[in-house]
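*Asks:* Here is what each chain is made of, one letter per residue.
Protein chains: 2
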Amino acid sequence: MELKVYADRMSQPSRAVIIFCKVNGIKFEEIKVDLSKRQQLSAEFKEINPMRQVPTIVDGRFKLFESHAILIYLASAFPGVADHWYPADVTRRAKIHSVLDWHHSNLRWGAATFIINTVLGAALGLPMKPQVAAEAEKILSSSLSKIESIWLKGNGRFLLGGLQPSIADLSLVCEIMQLELLDEKDRSRVLGPHKKVQQWIEDTRNATKPHFDEAHNIFYKAKTKFQVQRTLQANSEREESSIRKALPSKM
Amino acid sequence: MELKVYADRMSQPSRAVIIFCKVNGIKFEEIKVDLSKRQQLSAEFKEINPMRQVPTIVDGRFKLFESHAILIYLASAFPGVADHWYPADVTRRAKIHSVLDWHHSNLRWGAATFIINTVLGAALGLPMKPQVAAEAEKILSSSLSKIESIWLKGNGRFLLGGLQPSIADLSLVCEIMQLELLDEKDRSRVLGPHKKVQQWIEDTRNATKPHFDEAHNIFYKAKTKFQVQRTLQANSEREESSIRKALPSKM
Numbered sequence: 001m002e003l004k005v006y007a008d009r010m011s012q013p014s015r016a017v018i019i020f021c022k023v024n025g026i027k028f029e030e031i032k033v034d035l036s037k038r039q040q041l042s043a044e045f046k047e048i049n050p051m052r053q054v055p056t057i058v059d060g061r062f063k064l065f066e067s068h069a070i071l072i073y074l075a076s077a078f079p080g081v082a083d084h085w086y087p088a089d090v091t092r093r094a095k096i097h098s099v100l101d102w103h104h105s106n107l108r109w110g111a112a113t114f115i116i117n118t119v120l121g122a123a124l125g126l127p128m129k130p131q132v133a134a135e136a137e138k139i140l141s142s143s144l145s146k147i148e149s150i151w152l153k154g155n156g157r158f159l160l161g162g163l164q165p166s167i168a169d170l171s172l173v174c175e176i177m178q179l180e181l182l183d184e185k186d187r188s189r190v191l192g193p194h195k196k197v198q199q200w201i202e203d204t205r206n207a208t209k210p211h212f213d214e215a216h217n218i219f220y221k222a223k224t225k226f227q228v229q230r231t232l233q234a235n236s237e238r239e240e241s242s243i244r245k246a247l248p249s250k251m
Numbered sequence: 001m002e003l004k005v006y007a008d009r010m011s012q013p014s015r016a017v018i019i020f021c022k023v024n025g026i027k028f029e030e031i032k033v034d035l036s037k038r039q040q041l042s043a044e045f046k047e048i049n050p051m052r053q054v055p056t057i058v059d060g061r062f063k064l065f066e067s068h069a070i071l072i073y074l075a076s077a078f079p080g081v082a083d084h085w086y087p088a089d090v091t092r093r094a095k096i097h098s099v100l101d102w103h104h105s106n107l108r109w110g111a112a113t114f115i116i117n118t119v120l121g122a123a124l125g126l127p128m129k130p131q132v133a134a135e136a137e138k139i140l141s142s143s144l145s146k147i148e149s150i151w152l153k154g155n156g157r158f159l160l161g162g163l164q165p166s167i168a169d170l171s172l173v174c175e176i177m178q179l180e181l182l183d184e185k186d187r188s189r190v191l192g193p194h195k196k197v198q199q200w201i202e203d204t205r206n207a208t209k210p211h212f213d214e215a216h217n218i219f220y221k222a223k224t225k226f227q228v229q230r231t232l233q234a235n236s237e238r239e240e241s242s243i244r245k246a247l248p249s250k251m
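Quick note, the sequences are listed as chains A and B, same order. Note that full-length UniProt numbering has the first sequence beginning at 1, numbered continuously upward. Note that full-length UniProt numbering has the second sequence beginning at 1, numbered continuously upward.
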């Protein structure tokens with residue numbers, strides 16, 4: 001029975017798992033769990049993952065969720081995955097675990113909270129909290145600085161001085177790709193100062209092409225849609241403001 | 001050269017690493033990094049861990065931080081660690097990774113944020129945010145429910161139906177032990193409904209004795225100190241209130 005990957009390509013860890021499978025020639029059936037339609041909450045999906053999260057995989061009778069655990073499992077259980085993705089050497093492997101654990105409470109926390117309280121919240125009609133967004137931006141910026149000064153230290157193009165990418169590169173880069181959804185001003189402010197991070201994203205994209213862009217296609221379309229929405233909203237606000245100025249004041 | 005463990009026993013992941021070493025007969029030198037004195041920010045410690053967090057280990061020339069990564073490394077690199085702590089079987093190992101990853105964004109996030117914004121913040125003189133504490137309590141309670149209904153499902157006494165503990169049991173139980181610092185009212189409200197979690201804590205403590213209590217000793221003393229502080233504060237507030245009542249009102 002073929003591996004099943006339950007995913008929504010708008011979710012960054014879903015994309016990481018899909019890209020990993022494609023790059024490593026792991027055959028799988030992709031089953032979309034549309035988060036915007038809250039399909040992860042269905043009774044059907046609860047049977048597959050009681051935590052109701054994507055990505056989730058089903059490999060025969062074995063079910064697994066949490067993207068880092070999935071990436072490690074795929075690299076360990078499927079033949080033909082090159083060692084650089086998840087090295088057999090115990091110290092190199094330990095360093096990759098260290099990056100992945102750090103990711104949870106730093107980069108992911110900052111990026112996901114910032115995106116939800118800016119662009120995604122607006123698109124989904126959720127209440128946004130500017131104070132929470134401001135605090136998340138600090139964690140996000142500090143995380144990007146630490147990636148540059150600590151994890152990208154060394155001669156290699158990838159994390160931990162690697163000459164080829166590991167599952168940590170894939171996971172963290174997919175997370176940072178979420179920033180593409182921001183409006184240009186916010187994105188430049190957050191990502192602009194981190195040239196080394198920008199180069200590393202490009203290197204990871206090149207090392208996994210054409211699958212990287214293919215997995216991000218839906219996401220790129222959403223980015224364009226959000227941009228159009230913002231432009232329309234800005235125009236309508238500008239128009240409203242001109243009408244108000246043209247009308248005699250009642251004050 | 002002996003393994004060095006940089007730790008503060010007030011930190012839950014530090015205790016997990018210390019207990020793991022002791023239970024498995026791994027010899028180590030414990031070096032205290034006193035978080036209350038902000039020793040993790042010293043230039044000396046930055047050389048050991050640029051992220052300035054405990055626990056951190058140094059094994060010969062190899063440095064590692066993030067407690068989950070450390071526990072996996074110790075279980076893999078040191079001889080004589082029983083298989084149940086971190087099974088060699090790829091599917092059992094994957095499930096442990098899944099619990100550990102889930103821990104970061106759920107139990108840890110809820111518990112640590114709640115404790116900081118209630119008892120620890122008060123003890124350290126930090127500004128507390130009741131709204132943040134209330135949101136964290138929801139995540140914490142939901143995490144405890146999920147531990148009972150999902151991770152503790154099965155016949156075994158430990159997570160994932162295990163008959164003996166894994167590194168995931170140790171990590172999550174040490175996290176929940178932080179709730180001991182709360183005042184009795186808060187602790188009962190949060191932990192009271194979760195009888196299965198309470199039994200599991202007891203089982204993990206028994207499976208790792210006497211090291212579990214030995215590693216928690218400083219922590220138990222802090223708990224008593226916090227209780228005394230709260231009683232003194234409550235008494236002084238009561239006294240102040242009686243004096244105010246006894247004095248004639250100036251209004």
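Note that these hints are calculated values from the structure, not bench results. No experiment lies behind these values; they were computed from the predicted model shown. For glycine and all other residues, C-beta sits at the position ideal for the given N, C-alpha and C. Incorrect hints may appear among the rest.
Said to hold, decoys possible - Heads up, incomplete: computed chain B residues facing chain A, CB under 7 Å, no partners named:
1) Pro-50
2) Val-58
3) Phe-62
4) Glu-66
5) His-68
6) Ser-76
7) Ala-77
8) Ala-94
9) Ser-98
10) His-104
11) Ser-145
12) Glu-148
13) Ile-150
What the hints assert, rightly or not - Straight-line C-alpha distance at most 25 Å; calculated DMTMM-like pairs for lysine to aspartate or glutamate:
14) Lys-63(B) <-> Glu-148(A)
15) Lys-153(A) <-> Glu-44(B)
16) Lys-146(B) <-> Glu-135(A)
17) Lys-138(B) <-> Glu-148(A)
18) Lys-138(B) <-> Glu-137(A)
19) Lys-4(A) <-> Glu-47(B)
20) Lys-146(A) <-> Glu-47(B)
21) Lys-153(B) <-> Glu-47(A)
*Asks:* Against this structure, judge whether each hint is valid.
*Replies:* Hint-by-hint comparison with the structure:
The interface hint given for Pro-50(B) is met, as the beta carbon of that residue sits about 5 Å from the closest beta carbon of chain A, less than 7 Å. Given hint, Val-58(B) at the interface with chain A, is violated; its Cβ is 12 Å from that chain's nearest Cβ, farther than 7 Å. Among the interface hints, the one on Phe-62(B) holds; its C-beta lies about 5 Å from the nearest C-beta in chain A, closer than the 7 Å criterion. This hint holds: Glu-66(B) has a C-beta 4 Å from the nearest C-beta of chain A, less than the 7 Å allowed.
For the restraint placing His-68(B) at the interface with chain A, the shortest Cβ-Cβ distance is roughly 5 Å, inside the 7 Å limit, so the hint holds. For Ser-76(B), the suggested interface contact is upheld, since its CB lies about 5 Å from the closest CB of chain A, less than 7 Å. About 5 Å separates the beta-carbon of Ala-77(B) from the nearest beta-carbon of chain A, less than 7 Å, and the hint is met. Using the Cβ-Cβ criterion of 7 Å, the hint placing Ala-94(B) at the interface with chain A is satisfied: the shortest such distance is roughly 4 Å.
At about 4 Å, the closest approach between the beta carbon of Ser-98(B) and any beta carbon in chain A falls short of 7 Å, and the interface hint on this residue holds. The beta carbon of His-104(B) comes within 4 Å of a beta carbon in chain A, closer than 7 Å, and the hint placing it at the interface holds. Because the beta carbon of Ser-145(B) sits about 11 Å from the nearest beta carbon in chain A, more than 7 Å, this interface hint is broken. Residue-level restraint check for Glu-148(B) is violated (minimum Cβ-Cβ distance to chain A is 12 Å; threshold 7 Å).
The interface hint given for Ile-150(B) holds, since its Cβ lies 5 Å from the closest Cβ of chain A, which is under the 7 Å cut-off. Between the alpha carbons of Lys-63(B) and Glu-148(A) the distance comes to roughly 19 Å, so the proposed pair stays at or under 25 Å and holds. For the suggested pair Lys-153(A) and Glu-44(B), the alpha carbons sit about 19 Å apart, so the restraint of at most 25 Å is met. Between Lys-146(B) and Glu-135(A), the direct Cα distance comes to roughly 28 Å. Violation of the 25 Å bound is thereby established for this hinted pair.
Of the pairs offered as hints, the one joining Lys-138(B) and Glu-148(A) is violated, with about 35 Å between alpha carbons and a cut-off of 25 Å exceeded. Restraint check: the Cα-Cα separation between Lys-138(B) and Glu-137(A) comes to about 24 Å, which is no more than 25 Å; the hinted pair holds. Restraint check for Lys-4(A) and Glu-47(B): not satisfied, since their Cα atoms lie roughly 44 Å apart, outside the 25 Å limit. Distance restraint check for Lys-146(A) and Glu-47(B): the Cα-Cα separation of roughly 15 Å lies within the 25 Å cut-off, and the hinted pair is therefore satisfied.
Between Lys-153(B) and Glu-47(A) the alpha-carbon distance is near 14 Å, which keeps this suggested pair within the 25 Å criterion.
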